[in-house]
Amino acid sequence: MSFAPYIIVGLILLIIPPFVHADIQLMLAKFLAFAVFAIGYNLVFGYLGLLSLGHGVYFGAGGYTVALLQYHLDIDSFWIAMPLAIVIAALLAAALGPIVLRSTGMYFLLLTFALGELFYSIAWHWPFMNVIGVGGEMGMRGITGIMYPDLNIPGLTLTSTSFYYFIFVGFVICYILLYRITNSPFGHALVGIRESEPRMQALGYNTWRYKYIAFIISAGFSGVGGAMFAWNNTIIDPSHFAVGTSFLPMVMSIIGGSKILFGPVIGALIVIFAEYFASITVRARWPLILGGIFVASVMFARAGIGVYLARLWEKVRVRYGNTKG
Amino acid sequence: MEILRVENLSKSFGGVHAVNDVSFSVEVGERLAVIGPNGAGKTTLFNLINGQLRPTAGRIYFCGQDITKMLTHQRAHAGQGRSFQLTSLFLDLTVFENALLALNGTKPSRYQVLRPITGYEDLMAKAEETLKAAALWEQKDELVKNISYGEQRRLEIALTTVLSDLRLLLLDEPSCGLTGAESADIIEMIRKLGRDITVLLVAHDMDLVFGVAERIMVLHYGEIIADGEPEEIQASPMVKEIYMGSEEDTGSARAS
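Going down the list, the protein sequences come from chains H and Y. Number 276 in the numbering used here belongs to position 276 of the first sequence; there are no gaps in the numbering. Number 1163 in the numbering used here belongs to position 163 of the second sequence; there are no gaps in the numbering.
Isolated chain Y, as found in the complex:
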């Protein structure tokens, strides 16, 4: 069954075609990695799918429904969860408050004006459960800006996956800037997700890409130049030339 379909999607910024006539579809439960050099349009593609940007042309279908004109928060209610490339957690709030906000976004109680948030026992219990599962319960009263970067990334992924009715998870560089061990934690977290959840990720970290993805799509100057299983992509001479490039290029791409 198809969960996401993108048809002839384009986005230009002035004369720059960040995403150029892209079409693909994703099946329920797939783990798809979008890779490509810097500036290939990967994040722009994510912003189009999640609604931060409006496409210049083309359509997006999610669970069979045309969502091209839907707003971001409506897409969240439809089942899209998203993490951002640069950690966008609420840095001046505590870990626990971050969890509460993430859990409450699609609940009817989010508009409650006069009842204290601490009065919602199911919400409190769920926040505790989520933080314990992510091994962050000890730090629940710390401000997010004071916990380590690895913990921040882990918190962000954990809080992206708690969206009620999550169907499609969009992870933008989830392991960016992490050490090998921290990155392994993230891979583990993604692997643990159920097959009812589809995962789309953008990454430069090849350990993450080959550790998680079952299908890889290569984007170059806003166009899909290859789409297939990891082994095919690894073997493709064109991909090697454009993306993997020479040894130095690979190094710099990983470092970013």
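With the rest of the complex left out, here is chain H:
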């Protein structure tokens, strides 16, 4: 295992922000929030092999948790908001898991998709949601003016630069956690289930329990990503429950490579950067550009761009004889 690429990328992400415009800091923080969302999502998609189109529910739940805490209770402490965002996303997954995990393949995709749209519909059309501030067609379209969290460290108020570093630390923690999870016996068992569930059962694995726990862990990370996103974006609305959000981590995982841990991070980088440059040039053409990137990556980089980057790194290492990396 070579850590050099991690150190290089980490240094770039650490050094650049103070020297760039606030808009780019915002974009980098958004990238990290989506990277957390995507690697969490990929635990179910790439490792377990179940294509979910409903992770927006957990992303939105994380985002709305921090937003509603600020809006109604005036609580902006990170130490309350973040754990609650994780718990609520995980509890939702614990409740919905038994419904969707009965199926696999196309049926899993359709069930998760349907539940996501159901959440979006409720948030958007039910007048009660408007009353409690979630949003909806009747009045306010979401929660705006979400502020940076309070870290309860005396003398520290987050600015856009320090908030970026705060998100960066969060991303690194999530990445290390998922690195450990995917290398553990549990993570290996998920891959085994993806490859052959009947064989895993015959070997003594309670495959249902693995799928259920993985689904909940994945939703927990989605909640973290949603909370990071809400703080950074300052606005959250019901569309964040819907398929438009849910399909982003899938696209990121496929573009970057779903069979490797850092694949979705590469995918998130590409998608969020492209979105940013589209937004300052041809804003209305963004879906077309995203579609183009997706099709091109599936056609020319089937295994995911991350896999090719890893191979390239391998070549560089061999060429320069630095076997220790």
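If you're looking for bench data, these hints aren't it; they were derived computationally from the structure. Don't take every hint at face value.
Across the chosen pairs, the derived CB separations fall in these ranges [said to hold, decoys possible]:
(1) L1091/Y with V316/H: 26 to 32 Å
(2) E1027/Y with L118/H: 54 to 60 Å
(3) S162/H with R1054/Y: 57 to 63 Å
(4) Y1221/Y with L118/H: 44 to 50 Å
(5) S1164/Y with A4/H: 39 to 45 Å
(6) G291/H with A1133/Y: 50 to 56 Å
(7) L110/H with L1091/Y: 26 to 32 Å
(8) S1012/Y with R311/H: 51 to 57 Å
(9) Y308/H with Y1221/Y: 51 to 57 Å
(10) A4/H with R1054/Y: 49 to 55 Å
Beta carbons: idealized from backbone N, C-alpha and C, even for Gly.
Go by the hints and put chain Y onto chain H.
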């Protein structure tokens, strides 16, 4: 001592009685082969014993315990190891990873979420030992889909026998599609097993059946039509007529 008892077991798929009112029992250490023409219900019987399918009627007892309603993974913990007819190894994983997954299925560490799997030294050592015994250590870093079919079958049998507390081994066509020499390896592997392990196998390969089995059960349209020692079965005119059939039939049965 009895290890497995099946009582009036039936399984129907729609109107088809794949297994029809089957009863038999197996003693500890026995080598029992289940033979019969294609579609006789042999694999269905295995799926019922190992829990992939639920019986329509009847009961299954394993080590004196009623396991009819037990799930497959619980049966593995009770001591049932099973190989599948079509190789069901994890094709996109390496030989070594396959060994780790097979060894870890009944260990408490299988739920460990944060500790790297490579940190379990006993597991690593056992995987090495198992692969060396199966002469597959050289290929440990190969993806399973890239090793030969004979090696895949050997790996599968080796990894089925490493189940901790293995008592009953269910082998579904272990030598299917293999050459004579490869098949001989499999026979050797089964012969080496200790007498505390009971072996139940389904096979078309008569070399394997007569090379391993001490008792043969013939299944035909989901019913047991003969059950006895190999010589008896070989001599039985009814079995000859139904199963062995004419020369051409035997040929096609072997080829499958």
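Comparing the hints with the structure gives:
| no. | hint | result |
| --- | --- | --- |
| 1 | L1091/Y with V316/H: 26 to 32 Å | holds, 30 Å |
| 2 | E1027/Y with L118/H: 54 to 60 Å | holds, 56 Å |
| 3 | S162/H with R1054/Y: 57 to 63 Å | holds, 59 Å |
| 4 | Y1221/Y with L118/H: 44 to 50 Å | holds, 49 Å |
| 5 | S1164/Y with A4/H: 39 to 45 Å | holds, 40 Å |
| 6 | G291/H with A1133/Y: 50 to 56 Å | holds, 53 Å |
| 7 | L110/H with L1091/Y: 26 to 32 Å | holds, 27 Å |
| 8 | S1012/Y with R311/H: 51 to 57 Å | holds, 53 Å |
| 9 | Y308/H with Y1221/Y: 51 to 57 Å | holds, 55 Å |
| 10 | A4/H with R1054/Y: 49 to 55 Å | holds, 54 Å |
In summary, the structure agrees with every hint in the numbered list given earlier.
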